[in-house]
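Participant: Given the sequences, and given the hints that come with them, work out the whole structure.
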Amino acid sequence: MKNKICLNCSQRKHCGDSFVSWIFFIIGLIATVAIRVVTVLMNISPVYGKISWYIGVGGFLLFFIYKFNINRALSLVIEKENLVEKARTQKSLSANEYNLIAEILCNLKLEKERINYFFIFVVSAIALFFAVYFDFIKQ
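Each residue of the sequence shown is one higher than the one before, counting from 0 in numbering that gives the first Met the number 0.
Where hints are given, some of them may not hold.
[Unchecked claim] Simulated pairs of lysine-lysine, BS3-like, Cα-Cα distance not exceeding 30 angstroms: (1) Lys137 to Lys85; (2) Lys108 to Lys90; (3) Lys111 to Lys66; (4) Lys66 to Lys79; (5) Lys79 to Lys111; (6) Lys66 to Lys49; (7) Lys79 to Lys108; (8) Lys66 to Lys85; (9) Lys108 to Lys49.
Don't read these hints as lab results, they were simulated from the structure.
Facilitator: Below, the structure written as structure tokens:
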């Protein structure tokens with residue numbers, strides 16, 4: 000019985016990213032910027048601020064549904080194959096189980112995740128700066 004956890008298998012032979020994962024990565028970046036510019040746009044025009052808020056929240060909703068499904072699929076396979084217990088007890092693994100572990104490790108080492116976290120940090124710091132500027136300095 001062969002288990003497939005690869006949700007985007009077409010490009011995953013060498014830990015590559017799928018086209019779908021890039022789409023959701025871009026959605027996440029757009030949502031990050033949109034939600035962080037709300038304060039700035041509200042000072043320009045409340046309509047722009049609201050549009051930005053909807054884009055940000057809607058984008059995050061899509062992005063996190065995608066990430067939740069990926070993580071849930073990985074967790075289900077880990078549980079179904081009892082991989083944690085097999086690793087702890089150092090039981091020998093089948094070729095399929097080694098492939099499953101390789102797929103899980105590929106998901107953990109993707110560069111997009113680190114880029115995403117860094118991008119969120121930088122854009123959040125910039126948004127905080129402008130929020131303080133508009134709320135306290137520009138008054």
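Participant: Run the structure past the numbered hints and jot down the numbers of the failing ones, going up.
Facilitator: Violated hints: 1, 9; rest satisfied.
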